[in-house]
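Asks: Heads up: the sequence lines are chains A and B, in that order. Quick note: the first sequence uses the working numbering, first residue 4, plus one each step. Quick note: the second sequence uses the working numbering, first residue 4, plus one each step.
The reader is advised that the hints may include incorrect statements.
It does not matter which identical chain is used: a pair holds within one copy or between any two.
Stated by the list, open to error - In the SDA-like style, the derived pairs of lysine to any residue whose C-alpha atoms are separated by at most 25 Å in a straight line are:
{"#": "1", "residue 1": "43", "residue 2": "318"}
{"#": "2", "residue 1": "43", "residue 2": "312"}
{"#": "3", "residue 1": "279", "residue 2": "151"}
{"#": "4", "residue 1": "43", "residue 2": "29"}
{"#": "5", "residue 1": "130", "residue 2": "21"}
{"#": "6", "residue 1": "19", "residue 2": "250"}
{"#": "7", "residue 1": "132", "residue 2": "95"}
{"#": "8", "residue 1": "19", "residue 2": "101"}
{"#": "9", "residue 1": "110", "residue 2": "33"}
{"#": "10", "residue 1": "314", "residue 2": "296"}
{"#": "11", "residue 1": "286", "residue 2": "207"}
{"#": "12", "residue 1": "286", "residue 2": "40"}
{"#": "13", "residue 1": "130", "residue 2": "296"}
{"#": "14", "residue 1": "43", "residue 2": "258"}
Derived by calculation from the structure, the hints in this document are not laboratory data.
Protein chains: 2
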Amino acid sequence: MAHGGGGRLTAQLISKIFAPAFDNSFLAQQHDGALLRVGKERLAFSTDSYVVRPLEFPGCDIGSMAVYGTVNDLAMCGARPLYLSAGFIIEEGFAMEALWRVVQSMKAAAEAAGIVIVTGDTKVVDKGKGDGLFINTSGIGIIEHGHTIAPVNILPGDVILLSGDVGRHGMSIMSVREGLEFETTIESDCAPLATPVMALLEEGIEVHCLRDLTRGGLSSALNELAETAAKEIEIDETAVPVCEEVRGACEILGFDPLYVANEGRFIAFIPPGDTKRALGILKRYSVCANATAIGFVRNPSTSTKGLVRVKSAIGISRILDMLSGEQLPRIC
Amino acid sequence: MAHGGGGRLTAQLISKIFAPAFDNSFLAQQHDGALLRVGKERLAFSTDSYVVRPLEFPGCDIGSMAVYGTVNDLAMCGARPLYLSAGFIIEEGFAMEALWRVVQSMKAAAEAAGIVIVTGDTKVVDKGKGDGLFINTSGIGIIEHGHTIAPVNILPGDVILLSGDVGRHGMSIMSVREGLEFETTIESDCAPLATPVMALLEEGIEVHCLRDLTRGGLSSALNELAETAAKEIEIDETAVPVCEEVRGACEILGFDPLYVANEGRFIAFIPPGDTKRALGILKRYSVCANATAIGFVRNPSTSTKGLVRVKSAIGISRILDMLSGEQLPRIC
Chain A
4 MAHGGGGRLT AQLISKIFAP AFDNSFLAQQ HDGALLRVGK ERLAFSTDSY VVRPLEFPGC
64 DIGSMAVYGT VNDLAMCGAR PLYLSAGFII EEGFAMEALW RVVQSMKAAA EAAGIVIVTG
124 DTKVVDKGKG DGLFINTSGI GIIEHGHTIA PVNILPGDVI LLSGDVGRHG MSIMSVREGL
184 EFETTIESDC APLATPVMAL LEEGIEVHCL RDLTRGGLSS ALNELAETAA KEIEIDETAV
244 PVCEEVRGAC EILGFDPLYV ANEGRFIAFI PPGDTKRALG ILKRYSVCAN ATAIGFVRNP
304 STSTKGLVRV KSAIGISRIL DMLSGEQLPR IC
Chain B
4 MAHGGGGRLT AQLISKIFAP AFDNSFLAQQ HDGALLRVGK ERLAFSTDSY VVRPLEFPGC
64 DIGSMAVYGT VNDLAMCGAR PLYLSAGFII EEGFAMEALW RVVQSMKAAA EAAGIVIVTG
124 DTKVVDKGKG DGLFINTSGI GIIEHGHTIA PVNILPGDVI LLSGDVGRHG MSIMSVREGL
184 EFETTIESDC APLATPVMAL LEEGIEVHCL RDLTRGGLSS ALNELAETAA KEIEIDETAV
244 PVCEEVRGAC EILGFDPLYV ANEGRFIAFI PPGDTKRALG ILKRYSVCAN ATAIGFVRNP
304 STSTKGLVRV KSAIGISRIL DMLSGEQLPR IC
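Chain A on its own, in the form it takes in the complex (with noise of 0.2 Å):
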């Protein structure tokens, strides 16, 4: 299970079993989506598959999260989402009133971000062999700028900017599977990204890299980008916006909202002089109100390069690790 976590083991088995057969440059961008060249054109390409149980919980259910997912994946490539296919997984004995509210879901989602559902598949399979329902999306985004956004343009000085609180996806699943009521419900925060990111580079923001925070929280992706980007990452804990509930939550639960889940956040790598900027575009987006600098990129020394370094509140400095086993499982 620890495999599908997104943390050390699915980087593991990515790096043992894919990596070494699909071996090509696009793979080797390790990025959230690869970048192509059609023709004359740019492109982005992304692919997902959610598996999160349960299928409906507060704020999101899978319909919307397998639009949202992918489509998230492809701006984070710098890319404006164009179009998405979906292909089902139904278990035999599914009901036809769950199919038709995730479809719904997926329509609306699809709307929300302004992309279209332009091909499918559905396949069906014997009880037992499935889980209700998986979905797999995947997407073309294009790229309308000159830059190129992915991990190796990380540049050491680079500020990192988090879009808004981080932990509200995986507490509010946790809070569900397991039963636990707390004063206020946890919603999910699984929304589309795309619209703050164009706004960002439509108004000239040098953006180095980006990625969403998902599987693994917000400590993957910095130990990710850290080690492809062969760079020295500081953060300060204190500037973390994590909200009540969650921290109440995973107070209780025993859980670093750092490793959190989430759908709908994301970290920009900026110049910092355009810090400011930046920070007053994202925040005219209600998925962005929190939008905050967390930390910096440093020139690494052999030793420091790819580590990810966390400032507590009391001034102390320590390893953020990447998450080792599972966290959660079949979050998204």
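Once you have looked at the hints, place chain B on chain A.
Replies: Here is chain B on its own, set in the frame of chain A:
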């Protein structure tokens, strides 16, 4: 289960649940993939999930099938396959060696088909919530000619070419699954079809429509196209090549080869004047060595719109209906 069989119930599921929600001009094409415009380029985009059981069978496995299946859908849009995504849903406990074999098979298949796997995703589900391995692939192809190859362009008088003998894939799976032993092993016809299709287009054959034969076999493909194009189709049963092993197995098991699944065969609708030249081109490729003309398209009366007729060996004409219910579940 029958909702996934590729026959009448699959068509109902699409028309009742998916089509009303995702109503747009792309899905309305009812094609193997979507024909899109991205900037200055014309693209095809297609997706398929593969849930075949068993994962390995004579002549093919889920890995090469997942590559060839989507490559073929792109080719049927008249597109040159360029890029592929791969999404893996792995059941907890699935052997790493088996995953390795499948991935190696995908690598070889992608090389053979001239497509590059550029982006991927891996999810792991609990034991008992999957069935070893499901794979989704989505593909992007470029359309380099000015024609639109689609069901709507089928014309009365068009000749229907079939690229080879039918029924191998379905009977191969069936014989493995049921532990049947025939004198010779029936191998799946699973193969990439883009090269012969590109040759037809490059040599100026006026191709009106293409369709690969998968779930539901030749009969479902003909019925879908007759319906979408609102035409009448007539084929000559004796002209449809069926190899001796498949014919024998079908007789023993009570299957009609016209309904049995294929993974490396297609039909092409072309003007009658191009027939001889098109067959000459196809026969250059071993995968199309048995290509032949099997029928033609008629302008229908009100009552014969969407009808497929088949003329038997003794000259009797009967209606070839779409597959009802399921014949072989999880064939792809």
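Asks: Could you run down the list of hints and mark each one as holding or not?
Replies: Here's how the hints hold up against the structure:
no. : hint         : verdict
1   : 43 with 318  : neither (51 Å within a copy, 54 Å between copies)
2   : 43 with 312  : neither (42 Å within a copy, 45 Å between copies)
3   : 279 with 151 : within (22 Å within a copy, 50 Å between copies)
4   : 43 with 29   : both (18 Å within a copy, 22 Å between copies)
5   : 130 with 21  : between (30 Å within a copy, 22 Å between copies)
6   : 19 with 250  : neither (36 Å within a copy, 44 Å between copies)
7   : 132 with 95  : both (9 Å within a copy, 12 Å between copies)
8   : 19 with 101  : between (38 Å within a copy, 14 Å between copies)
9   : 110 with 33  : between (30 Å within a copy, 18 Å between copies)
10  : 314 with 296 : within (14 Å within a copy, 73 Å between copies)
11  : 286 with 207 : within (16 Å within a copy, 55 Å between copies)
12  : 286 with 40  : neither (33 Å within a copy, 33 Å between copies)
13  : 130 with 296 : neither (48 Å within a copy, 41 Å between copies)
14  : 43 with 258  : neither (48 Å within a copy, 49 Å between copies)
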